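Listed below, chain by chain, are the residues.
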Amino acid sequence: MSVLVDVCSKDDLADIDALWREAFPDDQPRHRADVAVPAKLAFQPDLCLVAREEGRVIGSIIAGYDGYRGHINRVAVLKTHRGRGVGARLVREAERRLSALGCTKINLQIRAANHAVASFYRGLGYAVEENISMGKLVAADDPS
Amino acid sequence: MTVCIRAAAEEDEAAVVALWRACALVVGHSDPVRDFRAVRAKPASDILVAVDESMLIGSIAVGHDSNRGWLHYVSVDPARRGHGVGRDLVRAAEEWLATRDVIDVHLTVRSANADAVRFYEHIGYGVLPSVMMEKTLRKPGGIGSA
Numbered sequence: 170m171s172v173l174v175d176v177c178s179k180d181d182l183a184d185i186d187a188l189w190r191e192a193f194p195d196d197q198p199r200h201r202a203d204v205a206v207p208a209k210l211a212f213q214p215d216l217c218l219v220a221r222e223e224g225r226v227i228g229s230i231i232a233g234y235d236g237y238r239g240h241i242n243r244v245a246v247l248k249t250h251r252g253r254g255v256g257a258r259l260v261r262e263a264e265r266r267l268s269a270l271g272c273t274k275i276n277l278q279i280r281a282a283n284h285a286v287a288s289f290y291r292g293l294g295y296a297v298e299e300n301i302s303m304g305k306l307v308a309a310d311d312p313s
Numbered sequence: 008m009t010v011c012i013r014a015a016a017e018e019d020e021a022a023v024v025a026l027w028r029a030c031a032l033v034v035g036h037s038d039p040v041r042d043f044r045a046v047r048a049k050p051a052s053d054i055l056v057a058v059d060e061s062m063l064i065g066s067i068a069v070g071h072d073s074n075r076g077w078l079h080y081v082s083v084d085p086a087r088r089g090h091g092v093g094r095d096l097v098r099a100a101e102e103w104l105a106t107r108d109v110i111d112v113h114l115t116v117r118s119a120n121a122d123a124v125r126f127y128e129h130i131g132y133g134v135l136p137s138v139m140m141e142k143t144l145r146k147p148g149g150i151g152s153a
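Keeping their order, the protein sequence lines are chains A and B.
Just so we're aligned, residue 170 is where the first sequence starts under the working numbering, counting upward by one.
Just so we're aligned, residue 8 is where the second sequence starts under the working numbering, counting upward by one.
Some hints could be false.
Stated by the list, open to error - Okay, derived cross-link-like pairs now, SDA-like style, lysine to any residue, Cα gap no bigger than 20 angstroms in a straight line:
id, chain 1, residue 1, chain 2, residue 2
1, A, K274, B, V40
2, B, K142, A, S268
3, A, K274, B, S37
4, B, K142, A, I227
5, A, K274, B, R47
6, A, K274, B, A14
7, B, K142, A, K248
8, B, K142, A, L182
9, A, K248, A, V297
10, A, K274, B, A45
11, A, K274, B, A48
12, A, K274, B, R75
13, B, K49, B, A14
14, A, K274, B, G35
15, B, K142, A, V297
16, A, K248, A, K274
17, A, K274, B, E141
18, B, K142, A, H284
Calculated from the structure, these hints are not laboratory results.
Just so you know, these numbers come straight off a predicted model, no measurement behind them.
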């Protein structure tokens, strides 16, 4: 059985939705596949990738480039298909595409307690940075 | 003090890079001239500057990947701090993102920089329970690249 990594299309939405519901069960609505994937396809379609086996989506990654740093998000592989290097192939393809855009560094955010995920990325050449991540939802802010 | 915030122009390069150096934001192998040019050249990012008369006193790099907005190189002339220039730069970057329908704004601060954490908390940012991991990519076409 061969796994192909390729850009995703709108036809993959249902598969991606099922994949993300399994991988990210506590997702916020704005991160759901039917919101996030069409937005990404309209903006940087070549950075929205899936892994397919026999036509079925078994993995995903969404890469981004903000003009300064590359980012990778939504790295997911179906539980039944883990341990076969699919995640690593998705990350490497995202890195290749980001590099081709002129990106020199990738930053990614993981949950502090997620040792298995940290170890996965360490194996792909990523190192933990002594940084504090901060964020804000601007719409929730009083504009005064 | 009448401070104006505007998009950086090509001629601002030397002053912006000098400001980033004065604010100790240029570390390791980073190349601020390359960063200034790349951020201005890419379609989804820009550099904004704060100018008092003809003097450049602050800057911020803002960009997005459709999912999230990111702030980098947030800098105010050390002699001009405490007058809201940093707050106004961040607000201008948030507005820049909002006009592109991006409302989720992220940034990272060095762990030792408690003053920066306090500043961002004061203007509505919260510390996220996440850890950042980083990888430097090989240059396209360099030795060993695919």
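Structure-based check of all given hints:
1. Between K274/A and V40/B, the direct Cα distance comes to roughly 16 angstroms. Compliance with the 20 angstroms bound is thereby established for this hinted pair.
2. Annotation: proposed proximity of K142/B to S268/A holds, straight-line Cα distance about 12 angstroms (limit 20 angstroms).
3. Distance check on the hinted pair: K274/A and S37/B sit about 10 angstroms apart at the alpha-carbon level, within 20 angstroms; holds.
4. A threshold of 20 angstroms between alpha carbons decides the hint, and for K142/B with I227/A the separation of about 25 angstroms lies outside it, so the pair is violated.
5. Note on K274/A and R47/B: the hinted pairing holds, with a Cα-Cα distance of about 17 angstroms set against a maximum of 20 angstroms.
6. Taken as a hint, the K274/A and A14/B pair is broken in the structure, with Cα atoms around 24 angstroms apart against an allowance of 20 angstroms.
7. Distance restraint check for K142/B and K248/A: the Cα-Cα separation of roughly 26 angstroms exceeds the 20 angstroms cut-off, and the hinted pair is therefore not satisfied.
8. As the CA atoms of K142/B and L182/A are separated by approximately 30 angstroms, the hinted pair breaks the 20 angstroms bound.
9. With a C-alpha separation of about 25 angstroms, the suggested pairing of K248/A with V297/A is violated against the 20 angstroms cut-off.
10. The hinted pair formed by K274/A and A45/B meets the criterion: a straight-line CA distance of about 13 angstroms does not exceed 20 angstroms.
11. Among the hinted pairs, K274/A with A48/B is consistent with the structure: their alpha-carbon atoms are about 17 angstroms apart, no more than 20 angstroms.
12. Between the alpha carbons of K274/A and R75/B the distance comes to roughly 17 angstroms, so the proposed pair stays at or under 20 angstroms and holds.
13. The suggested pairing of K49/B with A14/B holds, with an alpha-carbon distance near 14 angstroms, which does not exceed 20 angstroms.
14. Distance hint between K274/A and G35/B is fulfilled; the C-alpha atoms sit about 13 angstroms from each other, no more than 20 angstroms.
15. Taking the CA atoms of K142/B and V297/A, the gap is about 9 angstroms. The hint holds against a cut of 20 angstroms.
16. A hinted pair counts as satisfied when its Cα atoms are at most 20 angstroms apart, and K248/A with K274/A does not qualify at roughly 29 angstroms.
17. Distance restraint check for K274/A and E141/B: the Cα-Cα separation of roughly 7 angstroms lies within the 20 angstroms cut-off, and the hinted pair is therefore satisfied.
18. The suggested pairing of K142/B with H284/A holds, with an alpha-carbon distance near 18 angstroms, which does not exceed 20 angstroms.
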